[in-house]
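Since chain X is already given, all that's left is putting chains S, R and F on it; use the hints.
Protein chains: 4
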Amino acid sequence: MQTVARLCITCPDKPGIVASVTNFLYSHGVNVTCLDQYSTDPEGGTFFMRLEFQTPHMDITRPALEKSFQTVIADPFAMDWSLSFSSDPKQVAILVSTSDHCLMELLWRWARGELPCEITAVIGNHPNLKEKVESFGLAFHYLPMTPETKSEAEARMLDILDGRADTLILARYMQVLSPEFVARFPHRMVNIHHSFLPAFAGADPYRQARERGVKVIGATAHYVTEELDAGPIIEQDVARVSHRHSLDDLKDLGRDLERQVLARAVKWVLEDRVIIHGNKTIVFK
Amino acid sequence: MQTVARLCITCPDKPGIVASVTNFLYSHGVNVTCLDQYSTDPEGGTFFMRLEFQTPHMDITRPALEKSFQTVIADPFAMDWSLSFSSDPKQVAILVSTSDHCLMELLWRWARGELPCEITAVIGNHPNLKEKVESFGLAFHYLPMTPETKSEAEARMLDILDGRADTLILARYMQVLSPEFVARFPHRMVNIHHSFLPAFAGADPYRQARERGVKVIGATAHYVTEELDAGPIIEQDVARVSHRHSLDDLKDLGRDLERQVLARAVKWVLEDRVIIHGNKTIVFK
Amino acid sequence: MQTVARLCITCPDKPGIVASVTNFLYSHGVNVTCLDQYSTDPEGGTFFMRLEFQTPHMDITRPALEKSFQTVIADPFAMDWSLSFSSDPKQVAILVSTSDHCLMELLWRWARGELPCEITAVIGNHPNLKEKVESFGLAFHYLPMTPETKSEAEARMLDILDGRADTLILARYMQVLSPEFVARFPHRMVNIHHSFLPAFAGADPYRQARERGVKVIGATAHYVTEELDAGPIIEQDVARVSHRHSLDDLKDLGRDLERQVLARAVKWVLEDRVIIHGNKTIVFK
Amino acid sequence: MQTVARLCITCPDKPGIVASVTNFLYSHGVNVTCLDQYSTDPEGGTFFMRLEFQTPHMDITRPALEKSFQTVIADPFAMDWSLSFSSDPKQVAILVSTSDHCLMELLWRWARGELPCEITAVIGNHPNLKEKVESFGLAFHYLPMTPETKSEAEARMLDILDGRADTLILARYMQVLSPEFVARFPHRMVNIHHSFLPAFAGADPYRQARERGVKVIGATAHYVTEELDAGPIIEQDVARVSHRHSLDDLKDLGRDLERQVLARAVKWVLEDRVIIHGNKTIVFK
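Protein chains in written order, with my numbering: chain X, 2 to 286; chain S, 2 to 286; chain R, 2 to 286; chain F, 2 to 286.
For reference, chain X alone in the conformation it holds in the complex (with noise of 0.2 Å):
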């Protein structure tokens, strides 16, 4: 596991990506294990690739790698792409309020293994999930926010936060962040929504599900945009309810979506599995 890279590319659509790439990575000693491409036109379209390689046999290092990928693919097929070593794991920060769900779910999951992560820092704005963080050997942070103190809140994450998170997981964080702070993070704050957005944005979607007489409810994870719940869909999923679910019942329900929803997402992104294109995901699973 440790010798694994990915590599992830976006670029004009033309003939010859993926020859020119994989003859690129071989011609370098690198086995590639997993590919998969996707083009929204096979005509000018946008193509889109993820592949998974090993590196015990590349024949060169990593910088010069990266420096002649630029020059010789990179450059001429105008592509963005990054590359990711599982040697160097994403540095993960999870903000919190009340709800533990969401966070010992992922904190769970982390614990076994399942998310190849670091996890630099857990942040609440409330203090009551203080000692189940530290459970994990977790250093919690809590940062209580008012109308009042959100700028200064704000700066005090962003100090916590510097240098230490390539994502930020929003695990049920009930407060909105400002567009100044949501900037500091381009398409590397994920958030769950206890809806299947579009439908019942905004708040309390379970009592909006229930008024409307639904008969599916859904969470969704996106990434988080200035624009409140409207960012690039992640993952979904939903569950059958009927008359008979009172709003605690949608609620209990509801935690169990939110709670698998959301370590799916946050799984693909920690293996670069999500391109994001406009307002929405290539999702390679």
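It is worth saying that the hints were derived from the structure and are not from the lab. Possibly wrong hints are sitting among the right ones.
Because identical chains share one entry, a pair is satisfied inside a single copy or across any pair of copies.
[Stated by the list, open to error] Derived pair list, reagent style DSS-like, types lysine-lysine, alpha-carbon separation capped at 25 Å:
id, residue 1, residue 2
1, Lys-133, Lys-281
2, Lys-286, Lys-252
3, Lys-91, Lys-268
4, Lys-68, Lys-133
5, Lys-151, Lys-268
6, Lys-252, Lys-268
7, Lys-286, Lys-268
Note that the coordinates shown come from a computational prediction; the quantities given were computed from them, not determined experimentally.
Below, chains S, R and F without anything else, positioned relative to chain X:
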């Protein structure tokens, strides 16, 4: 099967309803084989009940049973109620446009005996499904409709349907009916919408879904009310999709959902399993 | 919640049961809030019923109610019945081996108040989960078991459980218990099996599933009987898999299924929603 | 659509396969629009790949391409491979007995253009579906089969199918075909079994399912091999059931599963998405 009857009740909840109703039926030699009940609130809520019973040993006539039930049970409890006998199947009319998938699904199930009803008319605003309908031994009425001819066409429809349609099914009927027409079939028109409402109400839901980048698509069967796509939801279902699904793929997948969801909803309506409560439904299945 | 009671009934079907039972309860000031019934056959079948009712206005004591019910209702109808009060929650013991996922799921839900029971003991044949169990304020008993020490270990288990376990939950407990032990908890032990039984009974079901190339895997919660993996099934669920899933992937995915399926089954058992009928279950949910 | 081609490859895994194949195609003016690959093991495993490509700018003839591919690519890598062109759709024959649901589903989808194939024959061992088949403009062959006439009937079937059936679909065909007949269509016969195999193999699976008290039922599309119900599984799906489902309810519900599962499997087979590997399938969808 000829001796099954179904009783649906809505009334203010209070102690003793189940005992009173079941005693009444027992005292008349009727054997309850299925009983479902639900209360919105144990204190001061609305109570709903559906009973299926066998009538071979019933000791009075149907009219006598109905009259006695009204006096002895329904009046004291302020009940709305309806009683139906499987020997008097509902009369159903189906409205279609050019798409055949929902229509064929219903006709195929009806021909198998899965849908307990008499189909009294199929009306299309395009002529292309005439032959398919007639191959089932059913009458097809071609009633084209333009903005100019709408009121006239609706009047002709009412003539065709007069006294012959307990329930109207819009099987991908792409015309918006006038409020006056809708008002003639209160809580008696079932529509299939090709999204998991309330998401993507209105036109072109698959295109909307694709543009939003959702990971599940759905279909919704609902009663038609004056407000478009806002009536009580009877049934919904969803399917997983990914970035790989083109708009045509979504439509293909969606057709399967629509067929299943509409068929289930229609079956439940015909079996008196659906009770409307405000803008929601109680479905005893 | 403290005033809710639940009555479960099994008896030969005949006309008048619902009327008699609901009349009896109504006559004692009890308000039925939920009623489910089922008959295997309208003529000569077996009848099952579950009622939930509110007791604040009950006009007699519990023992008097039980005695009167036996005489007035149960005896004439030849009923098996049980009555439970939410103010007397069930006592539950959990058996575990080394895997923590099912155990943690149950404890986390129990701590949230989702599982209405008292957990009186957690017994492990390995010591590794001791700390996790104790962090919930619960006692952990380490009882190693080898073929040689089995009967002794089971005897010690019976000591620990004596009078303190209405229900035993095998949360991935990897020891086969002796028929004598099983006989002490008739219809009171719930196990989680990691396949959609009856497929892949026995050991290593995920490996069996992978070798057969199935496209869905599952998990099954069932009552333990003398015959291994053959007891009445309470709940099952499945997940889609493909050729891409390695054995480890199946196990990861399966763990999520096992957690959900066992948690649902346990909740239903604790709420008296499961009635055993031969080798099958009636689940009123 | 007329210019799409599909290449399927199986070979021992080793570095450089993707690069070699994509280079070869690129060098002949072919534009790869879809590529899926899978290896059972990065070291010493078996490698599978499916490519879709566009041929309008291909610089050689099909026979020349095939010959060159064999020499330049397939031989060095010891590949099993097949190449198909959408302009040469597969020829399909369907075998039926009395049930129409799977047949109608296939014919309806085929008539819509969802199944890219030519249907060359429908053969029934009962005459009752003749009219329905002919209404699609297809030939229906009535070939009754008894134990005594089996070998003769199979011989007549082979006459009808000779050179006109790449793929045989058993759409609820209730006769067991002889090993000799099966051997004539190696990996080319698709059957639908009405259970989630390997559970409930053999006859009457819905009855078996009901007796075991399972909470999910399923359907399985698989290739036919000599051993009954044991061939490579292509697709499966399931539906939830409860104690309330009678045997007839299970059959009704199962029919919907069978239609969906068989239709999906047939579509994938026709699009060359299914590669057989021992007793399992790789499905690139």
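Evaluation of the provided hints:
1. Lys-133 <-> Lys-281: The answer is neither: 35 Å in one copy and 41 Å across copies each exceed 25 Å.
2. Lys-286 <-> Lys-252: Answer is between: at 17 Å across copies they meet the 25 Å cutoff, but 29 Å inside does not.
3. Lys-91 <-> Lys-268: within (11 Å within a copy, 38 Å between copies)
4. Lys-68 <-> Lys-133: Neither: 44 Å inside a chain and 48 Å across chains, both beyond 25 Å.
5. Lys-151 <-> Lys-268: neither (30 Å within a copy, 41 Å between copies)
6. Lys-252 <-> Lys-268: Answer is both: 24 Å inside a copy and 16 Å across each meet the 25 Å cutoff.
7. Lys-286 <-> Lys-268: both (10 Å within a copy, 22 Å between copies)
Of the numbered hints stated above, those contradicted by the structure are hints 1, 4, 5, listed in ascending order.
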